[in-house]
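Peer 1: Take a look at the letters that make up each chain.
There are 2 protein chains.
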Amino acid sequence: MTKSVTLAIDAMGGDAGVEATIPGCALVLKSDPTLKFKLYGDEGQIRTVLSKYPALKAASEIFHTDSYVKSDERPGVALRTGRNSSMRLAINAVSDGEADCVISSGNTGALMAMAKMVLKCLPEIRRPAIASVLPSQTGRTVMLDLGANLMCDSEMLVQFALMGAVFAKISEGHERPRIGLLNVGSEDMKGHEELRATHAILSRVKMPGTYKGFVEGNDIPLGTVDVVVTDGFTGNIALKTAEGVGKLSQHYLRTTFKSSPLAMLGGLLALPALKKLKAKVDPRLYNGGMFLGLDGVCVKSHGSADAIGFANAVKVAANLIRNDFNKRVADELHKLTSQESFFASELEQN
Amino acid sequence: MTKSVTLAIDAMGGDAGVEATIPGCALVLKSDPTLKFKLYGDEGQIRTVLSKYPALKAASEIFHTDSYVKSDERPGVALRTGRNSSMRLAINAVSDGEADCVISSGNTGALMAMAKMVLKCLPEIRRPAIASVLPSQTGRTVMLDLGANLMCDSEMLVQFALMGAVFAKISEGHERPRIGLLNVGSEDMKGHEELRATHAILSRVKMPGTYKGFVEGNDIPLGTVDVVVTDGFTGNIALKTAEGVGKLSQHYLRTTFKSSPLAMLGGLLALPALKKLKAKVDPRLYNGGMFLGLDGVCVKSHGSADAIGFANAVKVAANLIRNDFNKRVADELHKLTSQESFFASELEQN
Numbered sequence: 001m002t003k004s005v006t007l008a009i010d011a012m013g014g015d016a017g018v019e020a021t022i023p024g025c026a027l028v029l030k031s032d033p034t035l036k037f038k039l040y041g042d043e044g045q046i047r048t049v050l051s052k053y054p055a056l057k058a059a060s061e062i063f064h065t066d067s068y069v070k071s072d073e074r075p076g077v078a079l080r081t082g083r084n085s086s087m088r089l090a091i092n093a094v095s096d097g098e099a100d101c102v103i104s105s106g107n108t109g110a111l112m113a114m115a116k117m118v119l120k121c122l123p124e125i126r127r128p129a130i131a132s133v134l135p136s137q138t139g140r141t142v143m144l145d146l147g148a149n150l151m152c153d154s155e156m157l158v159q160f161a162l163m164g165a166v167f168a169k170i171s172e173g174h175e176r177p178r179i180g181l182l183n184v185g186s187e188d189m190k191g192h193e194e195l196r197a198t199h200a201i202l203s204r205v206k207m208p209g210t211y212k213g214f215v216e217g218n219d220i221p222l223g224t225v226d227v228v229v230t231d232g233f234t235g236n237i238a239l240k241t242a243e244g245v246g247k248l249s250q251h252y253l254r255t256t257f258k259s260s261p262l263a264m265l266g267g268l269l270a271l272p273a274l275k276k277l278k279a280k281v282d283p284r285l286y287n288g289g290m291f292l293g294l295d296g297v298c299v300k301s302h303g304s305a306d307a308i309g310f311a312n313a314v315k316v317a318a319n320l321i322r323n324d325f326n327k328r329v330a331d332e333l334h335k336l337t338s339q340e341s342f343f344a345s346e347l348e349q350n
Numbered sequence: 001m002t003k004s005v006t007l008a009i010d011a012m013g014g015d016a017g018v019e020a021t022i023p024g025c026a027l028v029l030k031s032d033p034t035l036k037f038k039l040y041g042d043e044g045q046i047r048t049v050l051s052k053y054p055a056l057k058a059a060s061e062i063f064h065t066d067s068y069v070k071s072d073e074r075p076g077v078a079l080r081t082g083r084n085s086s087m088r089l090a091i092n093a094v095s096d097g098e099a100d101c102v103i104s105s106g107n108t109g110a111l112m113a114m115a116k117m118v119l120k121c122l123p124e125i126r127r128p129a130i131a132s133v134l135p136s137q138t139g140r141t142v143m144l145d146l147g148a149n150l151m152c153d154s155e156m157l158v159q160f161a162l163m164g165a166v167f168a169k170i171s172e173g174h175e176r177p178r179i180g181l182l183n184v185g186s187e188d189m190k191g192h193e194e195l196r197a198t199h200a201i202l203s204r205v206k207m208p209g210t211y212k213g214f215v216e217g218n219d220i221p222l223g224t225v226d227v228v229v230t231d232g233f234t235g236n237i238a239l240k241t242a243e244g245v246g247k248l249s250q251h252y253l254r255t256t257f258k259s260s261p262l263a264m265l266g267g268l269l270a271l272p273a274l275k276k277l278k279a280k281v282d283p284r285l286y287n288g289g290m291f292l293g294l295d296g297v298c299v300k301s302h303g304s305a306d307a308i309g310f311a312n313a314v315k316v317a318a319n320l321i322r323n324d325f326n327k328r329v330a331d332e333l334h335k336l337t338s339q340e341s342f343f344a345s346e347l348e349q350n
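Residue numbers (my numbering), protein chains in the order written: chain D, 1 to 350; chain H, 1 to 350.
You may find that some hints are simply not true.
Identical copies look the same in the list; a pair holds intra-copy or inter-copy alike.
Restricting the straight-line Cα-Cα distance to at most 27 Å, the calculated cross-link-like pairs of lysine-lysine (DSS-like) are [unchecked claim]:
1. LYS120 / LYS3
2. LYS280 / LYS52
3. LYS190 / LYS278
4. LYS335 / LYS276
5. LYS52 / LYS275
6. LYS3 / LYS275
7. LYS36 / LYS276
8. LYS57 / LYS335
9. LYS190 / LYS116
10. LYS190 / LYS120
Simulated from the structure, these hints should not be mistaken for laboratory data.
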């Protein structure tokens, strides 16, 4: 029997607010009718959209609040002034045991700050990380951290590798995910001290995956590994650079197909194939920044996500709950820290 | 009258060695017949290829050595054992005043280590940086540092901004280049301390360009600014990620045009336009990592560069010499450090 999952939804988050979140939930419910929803936000707005989705209405409870976190609000301000915001109430539902996970398209910094404060980290996990999935030449690559921690020490990076591997198993179905550590070269002596220390530890311990050593920026789109581990500063810049170059390629292609009548005809003939390509790299399929390492599941949907994008973020969250993501991370962490070689290499570094 | 430029060429560098470097020099000489070449490497190999290019032969001197730096040699080892290598002798020619600049397709780390030791930095310049040019939606973007300095303080980053701006003026023809500082967000309080300190200085001083504040990864391909300033770790990863995503896009496109007979026909019709696009993003047009900040001009060509790619690197070097790049950097640095606001903001930071 499928375990029933209750989702706390920040209905007000994202550029489209309830127009994306409610239809998104309705979409997921179609494929997974056991889900229950707790919707946080303006009751009037929620009811208006919800009236079009009777099945979702029947599976939902509404919790009214007229406060919400603005997209450009500083995390510190949101923490202080957003105690009754839809985002905060949805997070509280998880910490109070009333929901299994929280999904929001709202302000990333505020969501991370609130989730960290309310849910706290899993025991032994130093800091949560933001993970996401990117398209690659061989499939899909999980990358973390994407911006939660600008500076990371080796213990944090080892924990990110572990969480990324468990995530890749559950969400991407990799039996033994290949793990790579992002660096400026693949030789052992490359990079700064924290990276070399992380490399030394990962090279010795048993992980829920196979450590493949250092990887470089081009390995992310190449799909050399299934999990790319890095600090939040580098990860954020690599992710946004990759997204930007993807858009540049699309821009070049559009310009090319408009450049002559022959090219236009060619583009028209190739349109069905080009549409398939577009569907394959559809950012909505890669939607959802997973906040890994919190004592509770929290998924950040892209602010510009539409219903399909939001539905994907909800699916990822429900899947993590069903597969006991946090318990598996805790178990793997326990296995890791009971390995003698873990401490051996740690001592050597200190 | 055009100033005559003498180029010291590491003829043995790169995957193709003399087969790329010599034809590359011959190509440049066609468009710029006043150039003089000093070719360093295996005399037999050089003469064999040179015999096909009588004009280049007449403009060249050969300096024989049978030692060369291997592509995977550690910089420290290359420094100690490569004293008679083609790379080292070519660099020496610049420091001895026998050549104006040096161009090599060899091992980047070894080239930087040798160039730094032999040529030294320009007075007042703390550390050299590697700069390169990337295609963007609005044209071409200069980015530095791409890997010479993994950790950078604010003084180094300010100097990189200055050198990048002078380079963008000379090589890209921007009258007032727009300068951006790479970060994980565009708000003033984002990023780590060194970045905020650099931002504070750049926001106040007069630069040989217009400082536009923080930019994010996606701004590189978007072309929001003409010069993107960052540390060598982040720059290297952003550059390689961008190159990788570019290749992934090409891979997707090839697969798409092979996916059905209709798509193949479409691709065929669009072929002339697609070829124009390919020419526009041809990596050979973006070839050359410029080592900025050395007391001498040193350009690194890509290891896989062919004759056209190598010729572009040589052109960039000759252009920097003709336009007194180093003198202009020194002048701008003097102007910068004579500004009261430069010290005011420095004091504030300390």
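Peer 1: Work down the list of hints and note, for each, if the structure agrees.
Peer 2: Hints and how they fare:
1. In this assembly of identical chains, the alpha carbons of LYS120 and LYS3 lie at most 27 Å apart only when taken from the same copy (25 Å versus 67 Å across copies).
2. When the C-alpha separation of LYS280 and LYS52 is checked against a cutoff of 27 Å, the pair qualifies neither within a copy, at 30 Å, nor between copies, at 49 Å.
3. For the homomeric pair LYS190 and LYS278, neither the shortest alpha-carbon distance inside one copy (37 Å) nor that between copies (33 Å) is at most 27 Å.
4. Taking the closest pair of Cα atoms, LYS335 and LYS276 never come within 27 Å of each other, the shortest separation being 43 Å inside a single copy and 56 Å across copies.
5. Taking identical chains as interchangeable, the C-alpha atoms of LYS52 and LYS275 are never at most 27 Å apart, the minima being 30 Å within one chain and 50 Å between chains.
6. Proximity of LYS3 and LYS275 under a CA criterion of 27 Å is satisfied in neither setting, with 37 Å inside one chain copy and 54 Å between copies.
7. In this homomeric assembly, LYS36 and LYS276 never come within 27 Å of each other (Cα to Cα): the closest approach is 33 Å inside a single copy and 54 Å across copies.
8. For the identical chains of this complex, LYS57 and LYS335 are neighbours neither inside a copy (43 Å) nor across copies (67 Å), given an alpha-carbon limit of 27 Å.
9. Taking identical chains as interchangeable, the C-alpha atoms of LYS190 and LYS116 lie at most 27 Å apart only when they sit on different chains, with a minimum of 19 Å there against 33 Å within one chain.
10. For a Cα distance limit of 27 Å, the shortest separation of LYS190 from LYS120 across copies, 23 Å, qualifies, whereas the shortest one inside one copy, 34 Å, does not.
The structure shown violates the earlier hints numbered 2, 3, 4, 5, 6, 7 and 8.
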